[in-house]
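Asker: Listed below, chain by chain, are the residues.
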Amino acid sequence: GQQLNQSPQSMFIQEGEDVSMNCTSSSIFNTWLWYKQDPGEGPVLLIALYKAGELTSNGRLTAQFGITRKDSFLNISASIPSDVGIYFCAGQKTGTASKLTFGTGTRLQVTL
Amino acid sequence: DGGITQSPKYLFRKEGQNVTLSCEQNLNHDAMYWYRQDPGQGLRLIYYSQIVNDFQKGDIAEGYSVSREKKESFPLTVTSAQKNPTAFYLCASSVDRLVGQPQHFGDGTRLSIL
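Chains as they are written, first to last, in the numbering used here: chain A, 1085 to 1196; chain B, 23 to 136.
Here chain A stands alone, though its shape is the one from the complex:
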């Protein structure tokens, strides 16, 4: 099955820095979701995007639904140690019974 291209694969940043990651696809999606996964736990939903061009924030996190509907972006401002984890994008298409296609993940590590 298809997986979305997510970049970067991993990031090492210093506390306080801003972070950007993106997710791209060769096909159109109608919904984009961003999840965070801590070690040994299930992914937790961060942000859901439903319209092309939509920009949505959740605290220090901001995500955008690309206008082509083939990509999405996640930004984290002023990173803190608890931001450490793996961030996954996921897309949904019309007519697929809410099945998700996941990205390969971005592993974020924060140094003090």
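It is possible that part of the hints are untrue.
FRET-style restraints, in silico, Cβ to Cβ [said to hold, decoys possible]:
no.	chain 1	residue 1	chain 2	residue 2	range
1	A	N1089	B	D118	39 to 49 Å
2	A	N1159	B	F34	38 to 48 Å
3	A	S1104	B	Q78	31 to 41 Å
4	A	L1139	B	L49	39 to 49 Å
5	A	S1091	B	E91	23 to 33 Å
6	A	V1128	B	K79	40 to 50 Å
7	A	G1143	B	I82	29 to 39 Å
8	B	K79	A	A1136	39 to 49 Å
9	B	D118	A	S1094	27 to 37 Å
Computed cross-link-like contacts, DSSO-like style, restricted to lysine-lysine with a CA-CA straight-line distance of at most 27 Å [what the hints assert, rightly or not]:
no.	chain 1	residue 1	chain 2	residue 2
10	B	K36	A	K1120
11	A	K1177	B	K31
12	A	K1154	B	K93
13	B	K93	B	K36
14	B	K79	B	K31
Simulated from the structure, these hints should not be mistaken for lab results. No experiment lies behind these values; they were computed from the predicted model shown. Even for Gly, the Cβ is constructed at its ideal location relative to N, Cα and C.
Since the structure of chain A is already known, use the hints to place chain B on it.
Answerer: Here is chain B on its own, set in the frame of chain A:
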């Protein structure tokens, strides 16, 4: 608290043995899903169910089986036909089968081979 409960947290399988992973949700969600996660990779869909007594194969269904006899329960059996079962298994649910309904996940079961 409403949520998705997976059990056990850790499970060990012997050669030739079938094992069943439990997934229960009290969110009153219609749709439920099973994913497999391998180290350093994203999630791959094994099976999904849009409603009670109905389920469909996902991208990697071979060697797995499911049932959906109750709305709140969606157990996954890893059969002996699955030759590489070591992985982290995640169960998820969503309100219904319509696009735009985010999936919410349990905390996973880690399966290993003895």
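Asker: Compare the structure with each hint and give your call.
Answerer: Status of the hints after comparison with the structure:
no., hint, verdict
1, A:N1089 to B:D118: 39 to 49 Å, "violated (29 Å)"
2, A:N1159 to B:F34: 38 to 48 Å, "holds (41 Å)"
3, A:S1104 to B:Q78: 31 to 41 Å, "holds (36 Å)"
4, A:L1139 to B:L49: 39 to 49 Å, "violated (28 Å)"
5, A:S1091 to B:E91: 23 to 33 Å, "violated (42 Å)"
6, A:V1128 to B:K79: 40 to 50 Å, "violated (27 Å)"
7, A:G1143 to B:I82: 29 to 39 Å, "holds (35 Å)"
8, B:K79 to A:A1136: 39 to 49 Å, "violated (31 Å)"
9, B:D118 to A:S1094: 27 to 37 Å, "holds (36 Å)"
10, B:K36 to A:K1120, "violated (32 Å)"
11, A:K1177 to B:K31, "violated (32 Å)"
12, A:K1154 to B:K93, "violated (34 Å)"
13, B:K93 to B:K36, "violated (31 Å)"
14, B:K79 to B:K31, "holds (24 Å)"
Hint compliance for this structure: hints 1, 4, 5, 6, 8, 10, 11, 12, 13 are not met, and every other hint is.
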